[in-house]
Each structure stands twice: as structure tokens, then as C-alpha cells.
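Chains as they are written, first to last, in this note's numbering: chain A, 1 to 170; chain B, 1 to 688; chain C, 1 to 100; chain D, 1 to 431.
I should point out that these hints are in silico values taken from the structure, not numbers from a laboratory. Just so it is clear, CB atoms sit at the ideal spot from N, CA and C, and this is done for glycine as well. Check each hint, because a few of them may be wrong.
Said to hold, decoys possible - Looking from chain B toward chain A, a few residues come up when the C-beta cut is under 10 Å (computed):
| # | residue |
| --- | --- |
| 1 | I656 |
| 2 | L660 |
| 3 | L672 |
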Amino acid sequence: MQTLNQALFIFFAVLAVASAILMVTRRNIVHGAVFLITTLLSTAGIFLLLQAEFLFIVQVILYVGGIMVLFVFVIMLVNLDVSMRQVQFNRQWFVAGALALVLAGQFLFAIWAGRGALRLPAMANEISPKNTEAVADALFSHYMLPFEIASILLLVAMIGAVVMAKRRAG
Amino acid sequence: MNTPYFLEHIWLIPLFPLLTAAVMLFYGRKLANNIVSYLCAGSVFVSFIFSVGAFFQLVAMPQGERFFTKVLFEWVPAVPYHMFDGRLAQFVAGWEFQIDPLSAVMILVVTGVGFLIHVYSTGYMALEGGYYRFFGYLNLFMFAMLILVLANNFLMMFVGWEGVGTCSYLLIGFYFHRKSASDAGKKAFIVNRVGDAGFLLGIFLCSAVLGTVRFSDIGPALHAGNFQKGDPWLTAIALLLFVGAAGKSAQIPLYVWLPDAMEGPTPVSALIHAATMVTAGVYMVTRTNAIYQLAPKAMYVVALVGAITALFAATIGVVQNDIKKVLAYSTVSQLGYMFLACGVGAFTAGIFHLMTHAFFKGLLFLAAGSVIHALSGEQDMRKMGALSKRIPVTYWTMLIATLAIAGIFPFAGFVSKDLILGKAYEQDVLLWAIGYFTAGMTAFYMFRLVFMTFHGTSRVDHEVEHHIHESPKAMLVPLVILAGLSIVGGLVSWPEILGGNSHFVHFLEPVVGMAHQSRIEPLKGPSSRIGEINLMLMSEGLVVLGILFAWYLYIKRTELPAKIAKGLNGFYELVYHKYYVDELYDALFVNRAKDLGLALGWFDTNVINGVGVDGAGWLTRFVSRASMWWDTWIVDGSVKLGARIVWVLSLPVRLIQDGLVQSYMLFIVIGLIGFLGYYFYLAHHAVH
Amino acid sequence: MIPVDDYLFLSLALFTIGVIGVLTRRNVIIMLMSIELILNAVNINLMVFSRMWGTVDGQVFAIFIITDAAAEAAVGLGIILAFFHNRETVLADEMDIMKW
Amino acid sequence: MPFVLPVLYAVVIVAVLPLLAGYIVLMERKVMADMQARLGPMRVGPHGLLQPIADAVKLLLKEDIIPDKADRLMFWFAPLVSVTMALLAYSALAIGPAFQIADLNIGLLFILAISSLGIYGIVLGGWASNSHYSLLGALRSAAQLVSYETAAGLGLISVLLLAGSLSMKDIVQAQLDQGVWFGFSVPFGFFIYLVGSIAETNRAPFDLPEAESELVAGYMTEYSGFRWSLYFLAEYANLIIVAGIATTLFLGGWLRPGARYHEHIPGTGIEWLDALPALLTLGVALYSLKLAPTQPVKIQKIVMVLVAVLCLGVACVLAGALFAPPAVMQGIHGAFWFMAKVFAYIYAFLWIRFTFPRYRFDQLMRLGWRFLIPLALVNVIGVGVAIVLRQQFAWGPIVSLIPTTLATLGVAMLLAKDDAPVAEAQTAAGE
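Take the sequences, apply the hints, and build the full model.
As C-alpha cells, then:
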């Protein structure tokens, strides 16, 4: 069991990172989208490893089944061939990459400094059947207000998207 | 004790017409004519039923306390105030319905005659436009009139009073596209305003002197304030109230509107300007008789005005050629009779005459309407004649009505009129003489009307000639019923002398009976039976004489009237033009009012507009110019200066800000790195 | 038993890749996708910590983040579409009308 | 070894599914023929019983074309996605109280999620083949799926509220406990899901992504041979999946009509409905025996007899199960009833397909967004109210839902009414 989890984690992690890198580097946006989907799916797998079944499902349905579909849509609506022939990286790419790595290094230093301090509690063998209910309770009791605000945010976003996507008359 | 149903629900009586009125005025346009007529006539009939019920339940009560009031709700809450004599009083006016013999009679007359006239109208107005509008107004009028007669205080009565005024205005101007009609409506309305002003003042004075506006409190109030007979305050109240009455009931000097009111549809003339509304004044005087009986001078004024009006109107009626005009003036003169009666203290007689008059004058108008209907709109009697064969029913009913109004034995008019004359004779021979003479003239001009219309040779235009036709049943049935009433109407108060026992008078006694409690002696019957008989015989004689005279002039020697007219030319002209009263009023009031309006208009255009408005406008423009200069040079200037400074100072920043999202993000990352580095630095030091 | 660190390293890796993508790629769509990547890194952290404390609060926050991501994707893509309709380009460094 | 049985089921499913799909195609053609007063396939095997196998062989032997300008990777990848997702969804489907690969406590959501991933197969395939027809078809189908998933999902939520669980088993159990199939207590949820599922499986009258008359075969235009058959398989797998979901959620899953499994002692107290499956299959067996001699060709006779023998065997199993311990009995019979319901549902699909004309795309969208979704929302709210009623006043499971159904019906009428003029206007505007 233990080893199985280990193996699964490594599998998912490698898959996620690899496809993430491919996503950023691909020239073809559609491939990029597919790789991002792969990353998201493996992230979902990691959620499952962390016994967050509900989040696993949310990740799959919302992210992969919803948001990414949107992306693929837009990608197909905008003309690809042009952008595929253009230079993919902007002028500041070198500086940016370097700075990003510096940032990563700082974080790395932070995590490394505190390595081994935090450990997960022993994992129950079968996934606890209560996760969904627990999330629901937290969401609808303690986080009610944020939940409502989030819903309003979604509404606003929807209206905004509709307004922007609408064809201006004349 | 459980109060009788109909008395308990007395307030329903005005409600039914109100409801249908509302329906008519809001939805009537969509309704079919027959539905309209069923609704309206039906509602009036229902309230007639309720009235009858109420009447009988009232009669069922013992003679003494035939009185019942029903307070719907408190309208004006108690407001304390000081009366003239310093006592503290409460000004209370509830929405309070009362019924006593007087009101009972009135609602019977109003709803009964009203119902008949509604039925008649369904026939008469059948082909007119605005059918629903007509009936809506009519029912609204019924409502107002019933409120008027059922009110138990001056305020509520005033509501009805104004209501009927409004409706009469609306109905006179029913053919508003005809200028004369709308003018007549306005005239009626304005003249009534004058009267209403007096009425209002009377009400104020009453509440100030007696401390109440409730009718049923007036008697006790008079007791409490033990007023002497002829108390000046009371006289003043009585006179002011009488002004109102004169306005509503078309007495000198406010009678001028009634003849013009004939512009309205004939049923309106019958209902409002003959049977019900115009008698409101008489009703009001009777209702407040307690005050009048303590103000003999006012009484005398009332009587005098009534008598003079009667004679005056009669003389005008003699020479009129428009059939409705004649009837109108006769109405005025009959109203004069009623006031004469009230004036001589024969209130019951006045009301009695009011009732009989409602019957036969209503009938006269309806019949005249039928005639006009038959002649397709012709009103000029010189264009009539020899119609008796063509429209028999109309003829006979009209003849009956004429006999009644002329006071031929034993028709309704005979009884009531002789009652009045008898009372008048006791009080004052002069008044009696005027009334007596007027009776003769009445007979004369009424029969002149009949003869000119129905007898002699036909003077009808040819194109009209061949479609003269008897009116539809809906119009004839009311005629017949009213004719019947005009015949037997007198029996309800058949004088003792002729072996009757004047029920009606006794029935009304309790109302004027307040006189008994107040300290003036009750009216005593005619001095002696012989006297009464003689009076009757004399009047009958005169009446017959008048009829014969009419017959002689308008059947026998038809050329004579023109001769006579030529003979006393000036006088004839004077009378024919109604003594130039209208012209006089125009000269005295109307034109002056117009002048005032012009003057005010000039003031408005030149002073208010010229100096005020335009001046203000000019000032504003000037100020705004000044402030504009300030804006451009001082305010904007400073702003621009600030902007310029910022522009100069922001040069280096603008170099960094190239508008590319990613470079901004780059700066974010740099900031992040900086923060983290600082944090690590702190942490490092925290360790050591 | 997997220590928390591995998860943190994973999320750090994803985060860095996302940052690089956002900063360097010219294509706006890919920038947006990289942002999604960053959000995912955050989600992983939330997950692992909520697992660590044995509470679901982290997951609730993750839900909020996903909601936000959805909203952002909708609006952002809408903007991109509109921009593409007007300017026929999806390149970030051609969108420079943000200055003054 | 706890996961032997699941693996076994998985293998069975993967093995049987293509065959099943083939036979559903046969069924489809037969039903269509029946409705059009034809015979349908008759040649290959008796009454065309072997037609599917022939088709499969044909497909596998066909040349596999990859267009020049196509994006090879995606072109190769897309069909796999479709079929994989379609097959994955089966892992949570409970065919019987025993036959289930994994009883996830989020089973339903899992199925929805996985089947919503199938969309990528279509979109990527359409995009990869680099042809306008394909791309348009793909976009259409994607839009269609996204729109109707919402409606269908809301339709399902009403059931989740009633069952109070996401696990397929618990949902069926809830229907057994409440003594009513949710299809009857929330008819509108069922209706909405029915329409939604038709649209999700891109079947007529919502088969716009592959509307022959408009865009040759939609996203499958450029595909042929094996890849095409993968898409094909995926489509029919999805068909079975939605049918399975509908059966589980609305038609009582593996419960037999009027099931009272509580007090069943083997061998005794068999209600006649328990005997029905065996009798049915027996009848089929006898009938095919009777038909066997009339077949024109020898091989057909033989196949017919084989069919009869097969049915006979099944009949024996079903009959024997009556005397087995309850668990086994319920397992076997449950599977029978489940499949029966699934096929009934598919039959309804076919019926609708051959009855209704195809929608125009804007009509499709309007139906989804302006009719189904509002209706579904009302329905969900109503079910919530019903549950409160049930808890507060202890109303019965059916009675408490009657007002909900009526209210939803009213709203449906309202929507339909005020939608009509809009539809006219837009049609007139050619929008």
C-alpha cells in the first residue's frame, strides 16, 4: 500500500511537471492545452492521493471539463497559423527566466531550511467516505459568506464575458 | 332590540347608484347599451325598493319617535372651539345617515321618480352618443341627491349639495360640442357658486352660534341657548341659508340659470331641473325650519321672494315660445310657491307641493320630451299644433299633468296648491293675492302651451310632418304611471274639509313639530271651514277663467295674440326678453369680471413676466458670463498648471511604463524577490 | 509515508514553470494557461496542508480558487476574443495601449 | 486478493462492450426497419444476427487514412481519448448489487466527470483533421455538450437530493427503501435528463455535430477504418452509459418492478415476477427453436439453434438463481433487470430518433438554455421544498413531490408559451 502510494505520487508528479514544461515550451497552442490538461489531471490524481475526492472531482469537472474546454474553444476560434510562425518568446525572456529561477531558488531555500519538519499523519487505508459531506458542511456553514461572494463573482464574470463576446452591431 | 333591516342598511340606498356610476364612468365605454340601461335603471330600482322598505319600517314605528340615524364612520373628529357666546363646543361631523318622515318622503320621490325617468331615458337616449356617460352622470346624481336628503348634518348635506350641482353641470353640458350647452352648464355652475357661498356662510354661522351642524341637535341647541324669537343671529343664519336655497332652487335673483339649463337632455330637465335637485332648497329650508320659525323676518323674506318669483316667472312663461322654456319658467314659479309655503310657515304644505310638483312637472317635461322626440327635435311651439291625434298617449298624459299643475279639482296640484294658498291667506293677504293671481296665470300659460302644441291647425314643417310618431313603450309607460300619480297624488293628504284626513301633513308634523317644543305657537288650521271652501272656489274660478282665456286666444281667435303683443309693444318686448335680466347681469357682473381678468392678464404679462422673469433671466446670464471668465482663466488655469508640473515630474516613470503586461509582471516578481530576501535577512538575524 | 516536502517541491516546480510561462511567452492564451498552472500549484499546497491538519478548510479555499480561475478564464478569454476581433493578434507585446 | 473480482468485471466489460455496441447497432437498424415497415438486415445470419460481426470485420479491414495536413499526434490521440473515457465511466456503474468495479462514494460525479472528458476526443479529433467540416462539427458538439451537461446535471441533482448520496448503490437502495423509483417521483428530472442525455450523446434529433446534410459527418469526416470504429464504439458506449445512469437514478437500477427483497427465502415466497425473467428467456428460446427450421440457409438454421440453446442456458441460470442464496439471486436477476431497463431506455432513444426531425443549431441552444435549464432549476428548488415537507410533516415520498411536479409543469408551460414568439422572431430574423 505504502509503496503503491509512493509510486503513484512519483508517477503523477513526474507526469505533471513534464507536461507542464512541455505546455510552456510548445509552439503549437493546442498541444500546449493538451499538456496543461494532462498536468491538471495528474494534479487531480494527487488530490486523490491526498484523500480529497471531492476536490478531485471538482478539478476534473470544472478545470478539465469546463475551463480547459473554454481554452480549447478560444484557441480554435483565434487563427493559429500566424502565431505559430511568429517568435514565441518576448524580448525580456532571458531576464524573466533568470528572475523566475531566482525566486524559485528563494522558495527552494525556504522549503529546504524547514525540510522534514512537517509530516502527514498516517494515511487511512480506504478513502474516508465523509469527505464530500465534510466539504459541504464547511462550505455552507462556516464559509457561507465567501461562498455567496464567489457566486456573485461568477455571475459578474459571466455577464462580462457575454458583453465582451457579443458582436457589436454595425 | 334588533333594528329593522332596511333602516339599519339605509346607507345602502345611495350606494347602489354610486357603484353603477363608477362602473359606467370607468368601464362604460366597453358595455353594450342594453347592459348599461339594465345596470343603471336596475340599481335605482333596487334603491327604490330599499327606500320603500325603509319608509314602511319607519311608519311602523310609533308616531312620536319616527326617527333613525346610522353613523357609518366619524368623518371630522371632535374639534373643540368657542362659540360666539363663549361656550365651548365640539365640532363633530360624522358620515351619518338619518331618516325621518321628511327624508323618507324625499328618498321615495327621488328614487321613485328617478327610476321612472331612468326607464324613460333608455328610450329617449337610445340613439344618442355617450349613452353610458349619460347614465353614469345620472346615477352619480342619484347618489349625490340621496346623500343630500339622507344627511344628518350640514357638512354631509353640503357634499350632496355640491354633488348634485356638479352632476347638473355635467348633464346640462351633456352636448358639450354645442357652445350654448356648455355655456349654460357654466352659467348654472357659477350662479350656484354664489348661492353656495351663502350656504357655506350660513353653515359657519350656524356652528358658531348654535355650536352644532347636526340637524337633530339644532332643536335642543335652540333650547339650550334659549334664543328669543327674532334673534338677529338666527335671522342672519336663516337668510344666509336661504341664499343657498335660492341659488339651488332658482329664486330671484339667482333664477337665471334654470331656463338655460334646458339645454340639457329632456330627461335631465325632468329629473334634475324639475323633480328633484331644484327642490333641494325647499328641502333644506324645511329641514332647518326650527331656525326659521325663530326668525319671522327671514320667514317673511322667504315668503316674499317666493311669491314674487312665482309671479315674475309666470309672467315670463306667458310669452315664451320654446316649449321647454315655458316649462322651465313654470318650474321656477312653482318653486316660488313652495318657498311661499315655507315662508308662511306651511312647511308641510311646501313639501307636499314639492312631491306633487315632482309628479306632474316631471310628467310635463317627459311628455314635452316625447313631443320633441316625435317632432324629431323641434322645440318651438309655433312650429307645432294639432298633435293630439298623432300622439294620443302623450297628449292625454300631458293634459292630465296640465290640469294637475293648473290645480283643477281633484288633481294632485289642486290639493297642494290650495293648502299653500290657504296658509298664505292666514299669514298675509298680499302674499295670498300674488299666489292667487299667479295660479290664474299658471293655468293660462299652461293651457296656452297645450293648445299651441296639440290643438288648432298644424304648423309643423313638412319634412318633419310625415315622420311624426308615438314614442316607444319605454317612454310611454313612465308617462302613464306619472299621470296616474298626478291624479291620485292629492289623496294622500285630502283636506278634512272635503272629508279627507290630511295624512301627509300629519305624517310630516313631527319634523316641523320641533316648532312645538320651541316657543312659537303651532300652525293652526284655516280660520274657518267656510273660508277655506271659499278660497278653493275662488281659485278654481280664476283657474277656469285662465283656461277659457287661453282657449279664446289660442283656439278661437288665433290672430289676437299677435295683435295684443303689438298693442302693448314695449311691455311685450320687456317681458319677451325676460325683463332683460340676463343682459343686466352681464352688464353688472359678468363683463366686470371679464375686465378684471383682462387687467390681471396685463399685469401678468407686463409686470411679472417683463420685470420679474425676464429681469431674472438677464441677471442670470450676466452672472454666468462672469463665472465663465473665472472658470477659464483661474480654475482651469490652475488645473492645467498642476497637470503640466506632473507631466514634467513623471518623465522618468513614463520610461519604465511601456504598457506591456509582462514587463509589469516582471516588476512584480522583482518586488517579490525583494520582499523574500528581506524576510530571510530578518529570519537570519532572528536566529542569532 | 510521503513527507509534506515532496508535495511542496512539486508545487514549487509547477509554480516556477507557470511564472516563467507568464513572463516569457508572447501568446496571451499561453500566459493565461500558465496562470492556471500557478493556481494549481497553490491548490496542491492547500490540499496537502488541509490533509496535514486533517481539516477541510484548505479544500474549501481550493474550491474558491477554482471558482476564481473559472471567472478569470471566462473574462480573460472574452477579452482575448474581443481583442482578436479588433486587432487580429494574440501577442502580448503588441498589446501596449495600456500606457498613459 | 480483494481486487480480483473488479479486474474480472473490467475485463468482461472491455471484452463485451464492442459486441454489445455492435448489437445495439443491429437493434437500431431493426427498429428503424420496423418503424419504416421494412425488414432490415436479413442476410448475414438468421434475421441478420451476425451482421455486427460482419461490420466489425469490414471496419478492421478498411484502409486507415490520415490526411496530409492533419496534426498526426492529435489525430492519433483523439479517438483514444474518446473511447478510453467512455470505457472508464463503466468502472463506477453498478449493473447489479454485486456487479460493480468500484463502489465510489462519489460514483455519479465520477461518471459525469469522466464522460465530460469525452468531449476532448471530439474537439481534438475535429481540430486535428484540419478540415472545416470537422472543426465546425467539433465546435458544435463541444458547445452542445457543455450546454446540455448543465441541464442534465441539474436534472440529476433532484435525484441526489432525494437519495442523499452519490454512490450508485446507495441511490438504488434509497429507491428500494422509499418504495418508488425516482423516475416516478420526479418525472421532470427524468424528462430533463432524457433530453439532456440525447443531446450529450449527439443523437438525433440533436445530432448536429454529425449532421450529414450540413457537414458531412462532422468531426468524424476525415476518419476511417479503425479510428472511426473507435469513435463509433465510444459513441455507443456513451449511449449505454447514459442509459445506465438513467436506469440507476430514475428506473430503480437493478430492482425488479415492485421488488421486496427484504423477506426472500430461497425456494419459497417466489413472486411470479421473480419467475418472469426465466420465463421470458425460455419463451425466446422456444420461439427461436420454432423459427430455426424456416431459415433458408443451413448455417442460419444452425445459428438459430445456437441462439435457442444460449437463451435456454440463460433461462436455466435465471431459474436456478431463484433457489440460490438471496445475494446470488439478486445479483443475477438484478443484472437481468438492469440490462432490460437499459435496453428499454435505448429503445426510447431510437424511437425518438426516428420520430423527430433534426433541430436547427440556434433552436438547440434555445431549448437548452432558455427552456431546460430554468425548468431544471425550478425542479431542483421544488424537490428541496418537497424534502422539507417530508421532514416537517412526514408526508409520503410520492405525495410530498406532487406539488413540486405540478409547479414544474406550470413553469414548463409558461416557458414554452413565452418562448414561442421569441422563436418565431429569431427564425424570421434568420438568426
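Could you work out which earlier hints the structure fails to respect and list their numbers in ascending sequence?
1
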